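Residue numbers (this note's numbering), protein chains in the order written: chain A, -1 to 298; chain B, 138 to 560.
It is worth saying that the hints were derived from the structure and are not from the lab.
Heads up, a few of these hints could be off.
[Claimed, not checked] Distance condition first, Cα-Cα at most 35 Å in a straight line; then the derived DSBU-like pairs of lysine-lysine:
hint, chain 1, residue 1, chain 2, residue 2
1, A, Lys124, A, Lys110
2, B, Lys505, A, Lys83
3, B, Lys311, B, Lys472
4, A, Lys52, B, Lys478
5, B, Lys450, A, Lys46
6, B, Lys450, B, Lys527
7, B, Lys511, A, Lys46
8, A, Lys102, A, Lys210
9, B, Lys379, A, Lys52
10, B, Lys478, A, Lys46
11, A, Lys124, A, Lys102
12, A, Lys83, A, Lys95
13, B, Lys379, B, Lys505
14, A, Lys102, A, Lys52
15, B, Lys493, B, Lys511
16, B, Lys450, B, Lys311
17, A, Lys210, A, Lys83
18, A, Lys230, A, Lys210
19, B, Lys379, A, Lys83
20, B, Lys493, A, Lys172
21, B, Lys527, B, Lys493
22, A, Lys46, B, Lys505
23, A, Lys46, B, Lys227
24, A, Lys230, A, Lys52
25, B, Lys311, A, Lys124
26, B, Lys489, A, Lys52
27, B, Lys489, A, Lys172
28, A, Lys46, A, Lys110
29, B, Lys420, A, Lys52
30, B, Lys527, A, Lys124
31, A, Lys52, B, Lys505
32, A, Lys124, B, Lys318
33, B, Lys450, B, Lys472
34, B, Lys527, A, Lys46
35, B, Lys309, B, Lys478
36, B, Lys397, A, Lys172
37, B, Lys318, B, Lys420
38, A, Lys124, A, Lys95
39, B, Lys511, A, Lys52
40, B, Lys227, B, Lys397
Bear in mind the structure is a predicted one, so any value in this text is a computation, not a measurement.
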Amino acid sequence: MKQQINHLRELEAESIFVLREVAAQFERPAMLFSGGKDSIVMYHLALKAFYPAKVPFPLLHIDTGHNFQETLDFRDWLMQETGGKCIVRYVQDSIDKGRATEEKGYNASRNKLQTVTLLDALEELKVDAAMGGGRRDEEKARAKERFFSHRDEFGQWDPKNQRPELWNLFNGRKHMGEHFRVFPISNWTEMDVWQYILLENIALPNLYFTHKREVFNRDGVWMATAPYMKLKDSEVPEIRDVRCRTIGDVTCTGLTLSTANSLEDIIHEVASSRVTERGGRADDKRSESAMEDRKREGYF
Amino acid sequence: MNGKQSGYLDMELLRFTTAGSVDDGKSTLIGRLLYDSKAIFDDQLEAIERASERIGNEEVNLALLTDGLRAEREQGITIDVAYRYFATPKRKFIIADTPGHIQYTRNMVTGASTANVALILVDARQGVLEQTLRHAYIASLLQIPHIIVCVNKMDLVDFSQATFDAIQKDLKTKTASLPVKDIRYVPISALLGDNVVDASQNMPWYPGPTLMSLLENIYISDDINHQNFRFPVQYVVRPQAKDWHDYRGYAGRVVSGSVKVGDKVTVLPSGFSSTVKTIDFYKETLQEASAPQSVTITLNDDIDISRGDMLVKELDHPQVNQDIDMMICWFNERKLVPRGKYIIRHTSAEAKCMIKEVVFKVNINTMKENSDDKEVGMNDIARIAIRTTKPLFFDSYQMNRETGSIILVDEGTNETVAAGMII
């Protein structure tokens, strides 16, 4: 007697297993929530993992102050809808306290600064396992990440000294002051995430669907205008039909010219795309090992 | 949805691991699989074109796709397990790409632990090397159900059938003693793409399937144990809410077999029996659950059950014992301490254990057992006997990969120091 389950259900079962391991092995876990599709799917999996009980850990959002307003509205709506708890910490506070220094220039981004706020928040809240929606298919430095990724007392990642991870036996033991990053959807691809959103009918911020927005073109990438975005003389704002393929800060999220307004349309667009989703992320283009360097410092 | 997309929802998941020596062209093969299955995007291709140029490669170096970390790009070798993904209309694939050189046996074991298929690369010019045998041995030790031997660089031996046949014969002889159920051989050129995705024009003498065709069609449904129901309890769900006042659900994964509502089950270690009341999955209630589903089970009797306990069927119990024999692979620079104490993790259970005896060590190059040398260090494979502080409920690894596997953790450093397969 066998029941064949498809790859999405197998990935779902694996992720739920990992989420339950976190709840069982750690005292103060928290789930990093960005308002992007990956963290929304991860939260949906957590709702499923512990039902009918509530998700036994809070969400943590690091607000850079450069978020799309739609992301923040969606976050608040989702928490109300599901009875979840989301703790918010602000990069602006880290800057005001002198813990972080604002970047300058046209490509200034708070993407890197949020690592400071994140590490401070993890320490303040005594989080011993921070779950993130990182996927190994996103970027080559992430391809080597474990499900349970050990961090030293400085929150740093040592890619050469990772704990071996075998079968489904996850070792979350640690010393005082150390913590873990856990990536429950490690084995999902961008396509898996979209197909699962369709399968489960998961709500998303409307940024993912086509909408009219004031944008400008910088080095071939469409960016949204915002009060804190400095435009060069050659950059002219215009209204276009766009959508986000991935959601980060306004300062580093490239928008796709698209009229896709349903999940089916988006899946079709992703399937025929010839550029990765991070292809529009300015933060990865800084150097060949930009992601690895940020991860070593404690970035997600 | 159109046909192609709904087809995607019904794909199977296949996990495979790749092993090969430093220069076998393993990274090139993976690059080729990703490239020919169109899993590589334009921006990734541009990035490796830029990088290839910078390090002075004439052709685009597909290996750069998988060599993720800075040290690897500088040294030109793969130093850790990297996971890669691609899909064809039939299957979604997860590749655990592991380094082949001797000091990284532990990574090979790691990648092999969850694989359905092992790809072993042999350089057609070199033939069967000690490393090839080591890979075959590890694949059989970890009970990977299927092995595909890719005889690579056929372009450098003039696509010679005699060379391919000789390597196949040699490897068959040398691995005759290994308990491998399903082993296949494919002559390929990862560099040029022959027999990787498309059938080779240069080797008309090879009538078999291409590598991709094998990966797409190899029968994997029986790779998990469908016979013996095992449900390690991971987490007890107790909603602190009025509507669910008496709800007590046991959350976990069916690691093998299946269970239905109404089935008689035994709780280990207490030995109490009950029947399955409901099988819950979020807002659905299921009539049946089977491996590898994650569900929440409620019982008709109020029994004290916690994480580390296991639900099994009344007439099908695993072994329950504190004295356990196993094969291990040692992972740590600190050698195994005879009579030493370690933490053992098995399914959702944790206990302490003492190493009673190192029975023998395996010379991984000759596959010979050596009971004189009992010093077990990094990358060594050995048979040991342990005693645990409380009984574990287990099956032999050969019967059940999920309930037959353990890890040992060092109490002082918290590092995972060994992987074990129960005999």
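Verification of the hints:
1. A:Lys124 x A:Lys110: holds, 22 Å
2. B:Lys505 x A:Lys83: violated, 58 Å
3. B:Lys311 x B:Lys472: At roughly 30 Å apart (the allowed maximum being 35 Å), B:Lys472 and B:Lys311 satisfy the hint.
4. A:Lys52 x B:Lys478: Not satisfied, since the Cα-Cα distance of roughly 38 Å exceeds 35 Å.
5. B:Lys450 x A:Lys46: holds, 26 Å
6. B:Lys450 x B:Lys527: holds, 21 Å
7. B:Lys511 x A:Lys46: violated, 48 Å
8. A:Lys102 x A:Lys210: The hint holds at about 29 Å.
9. B:Lys379 x A:Lys52: holds, 13 Å
10. B:Lys478 x A:Lys46: Distance ~38 Å between B:Lys478 and A:Lys46 Cα, so the pair is violated.
11. A:Lys124 x A:Lys102: holds, 32 Å
12. A:Lys83 x A:Lys95: holds, 26 Å
13. B:Lys379 x B:Lys505: violated, 63 Å
14. A:Lys102 x A:Lys52: violated, 43 Å
15. B:Lys493 x B:Lys511: holds, 12 Å
16. B:Lys450 x B:Lys311: violated, 42 Å
17. A:Lys210 x A:Lys83: holds, 32 Å
18. A:Lys230 x A:Lys210: Holds - the C-alpha atoms of A:Lys210 and A:Lys230 are around 22 Å apart, at most 35 Å.
19. B:Lys379 x A:Lys83: Roughly 19 Å separates the two Cα atoms, so the pair holds.
20. B:Lys493 x A:Lys172: holds, 26 Å
21. B:Lys527 x B:Lys493: holds, 15 Å
22. A:Lys46 x B:Lys505: Judged against 35 Å, a Cα distance of about 49 Å means the pair is violated.
23. A:Lys46 x B:Lys227: Measuring from Cα to Cα gives roughly 28 Å; hence the hint holds.
24. A:Lys230 x A:Lys52: Distance of about 49 Å is beyond 35 Å: violated.
25. B:Lys311 x A:Lys124: violated, 55 Å
26. B:Lys489 x A:Lys52: Holds. B:Lys489 to A:Lys52 sits at ~33 Å (cutoff 35 Å).
27. B:Lys489 x A:Lys172: Holds - the C-alpha atoms of A:Lys172 and B:Lys489 are around 16 Å apart, at most 35 Å.
28. A:Lys46 x A:Lys110: holds, 32 Å
29. B:Lys420 x A:Lys52: Holds, at about 13 Å.
30. B:Lys527 x A:Lys124: holds, 32 Å
31. A:Lys52 x B:Lys505: violated, 54 Å
32. A:Lys124 x B:Lys318: Given that 35 Å is the threshold and the Cα spacing comes to 50 Å, the pair is violated.
33. B:Lys450 x B:Lys472: The hint is violated at about 40 Å.
34. B:Lys527 x A:Lys46: Between B:Lys527 and A:Lys46 the Cα gap is close to 33 Å, so the pair holds against 35 Å.
35. B:Lys309 x B:Lys478: violated, 41 Å
36. B:Lys397 x A:Lys172: violated, 38 Å
37. B:Lys318 x B:Lys420: violated, 41 Å
38. A:Lys124 x A:Lys95: It holds: about 20 Å lies between the C-alpha atoms, which stays within 35 Å.
39. B:Lys511 x A:Lys52: violated, 51 Å
40. B:Lys227 x B:Lys397: The hint holds at about 30 Å.
The structure is inconsistent with the numbered hints 2, 4, 7, 10, 13, 14, 16, 22, 24, 25, 31, 32, 33, 35, 36, 37, 39, although it conforms to all the rest.
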